[in-house]
Amino acid sequence: MIISAAVAIAEARRGRLGERVYSGRSRAIFERGYIAFKSSTWMVILSGFVEPVLYLFAFGYGLGELIGNIESNGLSIPYAAYIAPALLATSAMNGAIYDSTMNIFFKLNHDRIYHGMLATSLGPLDVALGEIGLALLRGFLYGVGFMAVVAPLGLIPSLWGILAIPAAVLIAFGFAAVGMALTTYMKSFQQLEIINIFLLPMFLFSGSFYPLTVFPEWLQFIIKALPLSQAIHLVRGLTLGQINLGLLGHISYFIVMIIVGLFFTTKRLNALFMK
Amino acid sequence: MSSPLITARGLTKKFDEFVAVDEIDFDVARGESFGLLGPNGAGKSTTMRIIGATSQRTSGNLTILGMDPEKFGPQIRAHLGVVPQQDNLDMNLSVSENLYIYGRYFGLSRKFLKAKIEELLEFAQLEEKRNAKVESLSGGMKRRLTIARGLVSEPEILMLDEPTTGLDPQARHILWDRLFRLKEQGVTLVITTHFMDEAEQLCDRLVVMDKGKIMAEGSPAQLIKDYSTKEVLEIRFGSERNSAMADQLRGMCDRIEELPDRILLYSEDGEALLEKIYSAGLHPKTSLVRRSSLEDVFLRLTGRTLVD
Numbered sequence: 372m373i374i375s376a377a378v379a380i381a382e383a384r385r386g387r388l389g390e391r392v393y394s395g396r397s398r399a400i401f402e403r404g405y406i407a408f409k410s411s412t413w414m415v416i417l418s419g420f421v422e423p424v425l426y427l428f429a430f431g432y433g434l435g436e437l438i439g440n441i442e443s444n445g446l447s448i449p450y451a452a453y454i455a456p457a458l459l460a461t462s463a464m465n466g467a468i469y470d471s472t473m474n475i476f477f478k479l480n481h482d483r484i485y486h487g488m489l490a491t492s493l494g495p496l497d498v499a500l501g502e503i504g505l506a507l508l509r510g511f512l513y514g515v516g517f518m519a520v521v522a523p524l525g526l527i528p529s530l531w532g533i534l535a536i537p538a539a540v541l542i543a544f545g546f547a548a549v550g551m552a553l554t555t556y557m558k559s560f561q562q563l564e565i566i567n568i569f570l571l572p573m574f575l576f577s578g579s580f581y582p583l584t585v586f587p588e589w590l591q592f593i594i595k596a597l598p599l600s601q602a603i604h605l606v607r608g609l610t611l612g613q614i615n616l617g618l619l620g621h622i623s624y625f626i627v628m629i630i631v632g633l634f635f636t637t638k639r640l641n642a643l644f645m646k
Numbered sequence: 007m008s009s010p011l012i013t014a015r016g017l018t019k020k021f022d023e024f025v026a027v028d029e030i031d032f033d034v035a036r037g038e039s040f041g042l043l044g045p046n047g048a049g050k051s052t053t054m055r056i057i058g059a060t061s062q063r064t065s066g067n068l069t070i071l072g073m074d075p076e077k078f079g080p081q082i083r084a085h086l087g088v089v090p091q092q093d094n095l096d097m098n099l100s101v102s103e104n105l106y107i108y109g110r111y112f113g114l115s116r117k118f119l120k121a122k123i124e125e126l127l128e129f130a131q132l133e134e135k136r137n138a139k140v141e142s143l144s145g146g147m148k149r150r151l152t153i154a155r156g157l158v159s160e161p162e163i164l165m166l167d168e169p170t171t172g173l174d175p176q177a178r179h180i181l182w183d184r185l186f187r188l189k190e191q192g193v194t195l196v197i198t199t200h201f202m203d204e205a206e207q208l209c210d211r212l213v214v215m216d217k218g219k220i221m222a223e224g225s226p227a228q229l230i231k232d233y234s235t236k237e238v239l240e241i242r243f244g245s246e247r248n249s250a251m252a253d254q255l256r257g258m259c260d261r262i263e264e265l266p267d268r269i270l271l272y273s274e275d276g277e278a279l280l281e282k283i284y285s286a287g288l289h290p291k292t293s294l295v296r297r298s299s300l301e302d303v304f305l306r307l308t309g310r311t312l313v314d
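Just so you know, the protein sequences line up as chains A and B, in that order. Sequential numbering of the first sequence, starting at 372, is according to the working numbering. Sequential numbering of the second sequence, starting at 7, is according to the working numbering.
Note that these hints are calculated values from the structure, not bench results. A portion of the hints provided could be inaccurate.
To be verified - Heads up, simulated BS3-like pairs for lysine-lysine below, C-alpha to C-alpha not over 27 angstroms straight-line:
#1 Lys117(B) / Lys558(A)
#2 Lys409(A) / Lys20(B)
#3 Lys217(B) / Lys20(B)
#4 Lys409(A) / Lys120(B)
#5 Lys409(A) / Lys135(B)
#6 Lys638(A) / Lys20(B)
Keep in mind that this is a model prediction, so the values were computed, not measured.
Just chain B, same shape as in the assembly (with noise of 0.2 angstroms):
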């Protein structure tokens, strides 16, 4: 394998007295998509910003492509394409103009730029809105032009901050959709997000962060195998009853989890289990056997859920 594009070690971050990033170690290679998962306020979009040579480390070592962004800020800017958590479209410009005027600020050429703009409009789906002012765009359109934006000067890296926040489902597979063929061109992406059904589509290995700490690494499936079991049963009795029924529960299974208005039962079977509580005489209102996700990956890790 060549070297990895990026390389963290002890990658520390503090805001005065506030620790935002923890001495977190990571490396992204050629290609890959790479996840930051985790809720709001895990360091994600820190971490993001000094990947982006944007913000500076408190601490530690980081290399990106092989230089040291705080020495070559610019040089490596040049390399990333950057699509913040809040979009930062030109408003007073329309969505041609806003394209030709971020490649003009990487110094690219007029000609170079008319031939881009056409290609990223058809990407982004925008080539009817190309005269359109940005305020009128649709939030999914809003998304898929930054994202075109940040594409001009054709990055190696594409940093994507919480790339479908505030987005409805259809948006956000059109927007899937695209970053898939960004992915089978060769570009590298890194993403955070605190969706775990995101992070299972787009990530090919991410890391699970909270409180600036990095909890555990790997691929979607191999955290779901590593820190979950195959199935979970999901069993309600009413926001009452729950916590009392747990306890009757608990040595049924190979963990539970007690939430505020579920109970989650992890087992190889969900089915054989739910079979067992019934027998046993306990009457669940309601009950789904689904498959383990990040999502449980998460709570078993943290003791919280993803989204608050």
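One chain only, chain A, in its complex shape (with noise of 0.2 angstroms):
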């Protein structure tokens, strides 16, 4: 047996827990990423970046001028100050679902890219949790320019608020694992509006604009469930400094979403391709 770098790395896995679908390699599929990134996403990066800040422009500031100042948990606060957390939570959001729904469909039926991947030494874990990776760098990088443009506006009241970016990518690794595994199942480009469709009105309802005490209690409760809504609460509450143990009922919940995604994702990925 000829015992190349390639065959020496891979045995080197031998005997490890899931060694059939990972390899210790997702860094290989996220430089191919930053390769591919380097050279044609740049203006889908921006245009998720820009979105929200018209966003905050158009209703925090013009809409703002007409409502004032808004309660939320007891706090008196500027519309802005309201709004700016929850549109930092949706672009995390859309960022990761971009990602991980056209660009993954893409990838998989189309270019066929990860049948070149699983044909290498490399398994389904690896590359699931490579593209995810991918989300996450891209929610963090929505976070941190978002935070550049409000923080020295001052819509972030409290210092506990520098934790909304990595919140912002805890939130993109939820949405993007979820994301990703309901993309595997997906048939066809249409199949992926459905996604769309349920995106839109979650980011008007969720407590977006105003608190969710102007529904009815059964709606909110139903509102409260839904992923973004964890989101929006979750951010809210960090740049607001209002700190309590729903919070992290909050971080479980996307925590939750990452594992039950990342199961689906590389069982499918393995049903996809090893069949």
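Both chains are given apart, each in its own frame, so use the hints to dock them into the complex.
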């Protein structure tokens, strides 16, 4: 048997837990994303950053002039400071969903990039983690970019607000994991639209622009169970410095999304490629 | 002889009720060029994917370098270079980036890859295209890049699924030349093809597959010797008269095959047979004497032509 470098690397992992699905090299997928990103997806990243800023100025300052201050958990704050964390959470969601649905569907069904990756000594979990890592990087960039705009405007009253950046990454992780899992079940681009049909109403009614208390109680209950509502309340709690145990609940919600998403993504990639 | 690199016994693959690969047995020895010849849908690509540890067999035994692909997928894939039937190059990346990142998938170091990429670009005759996007390459160039990519990990076994389908004759010959070089370097080649000339050019030994089964096995020359005559006489009487004439020709030679457009007569001496036909007062519109090929072997084994 000839022991090439590639063989020595693969043999070194023999006997490890999950060796058939994971080779510990998701960074290679990450690196691919970085090389591809350098040349192509700039515009998408840029538009994802600009969108929440536009909403902030149009609604936060435009509509905010009419509304004045708003009550949030007994705290009276400017309207722009109320919607800023919601916009951050939403852009983390949108970026992660775009990456994990459109981008991944294309690589899966059109370019057959994953077929190439999985013909090497990589496993499906490497691919899933690497791709989701890219969605996280995007979530991180959006978080930093948005904070760089809103913090100087005085819209982050609490120092806890700095944690909104890792929170945006966590949110992106949750949405990307579930988004990728759903994408592996989709058969056509049209089916991906189903995801978008959910996203817009979720954005409009999840307490982005006004407190959930305007809704009847049963509806509040449903909305609170939706992931974007969880995300918005997590980020808003941090930027306004309203730290309580409820935030841990939101964090747990996203950890569950991550675990469930990764489980089904790996399972499906295995089924799709190892059939 | 050392133990075979690949051993399959009773290898079977079913997709629901459909049997794609039906209890096949074969061995591939180190350094040989082994071919799977058969028409589309014969089960060649499925067999390739099972060997490539990206598809699980339904039953039977398979060992690759002494390992079961179901248990040691990543370890086996580290030994293989895979050239799929459908190009799956990374369209967002340049030629050299494609080679680089593929090496990274195997965990190879940047330093190793720097030198390796130069070597592979030269091998694939793509030095001038190193910074070009994959989209701008011709079909032949893409194919050569896919082969170069498959070699980045210095595999012991290179798996080529229909390597020259869709290429023009010149591009095919360049590709064959590259594959010969690999063989000279001791790389074991496993090739599927439905082109008999490709099988004759590239394969030391091959199996003829049809409907998931192996119909025959041997070197191209041996198969021709076993299943065909030395020469073939092809004659045409015009599509309406072919079948009527075929009845009269039966008995004049070892074997006769009637195709829609022509009649094939199998004989050790084609010219002599043609004379016999003329002296019997028959006058075909066209006639051609040629050597037997794998196409004739396939026709004999299955009653059908390779390319429909």
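Straight-line alpha-carbon gap Lys409(A) to Lys135(B), limit 27 angstroms: holds (19 angstroms)
Hinted pair Lys409(A) and Lys20(B), Cα distance within 27 angstroms: With Cα atoms ~43 angstroms apart, Lys409(A) and Lys20(B) exceed 27 angstroms; violated.
Restraint check for Lys638(A) with Lys20(B), where alpha carbons must lie at most 27 angstroms apart: holds (20 angstroms)
Straight-line alpha-carbon gap Lys217(B) to Lys20(B), limit 27 angstroms: Distance of about 12 angstroms is within 27 angstroms: holds.
Straight-line alpha-carbon gap Lys117(B) to Lys558(A), limit 27 angstroms: Cα-Cα ~41 angstroms, so violated.
Given hint Lys120(B) paired with Lys409(A) - CA-CA distance at most 27 angstroms: holds (20 angstroms)
Against the hints set out earlier in the document, violations occur for numbers 1, 2.
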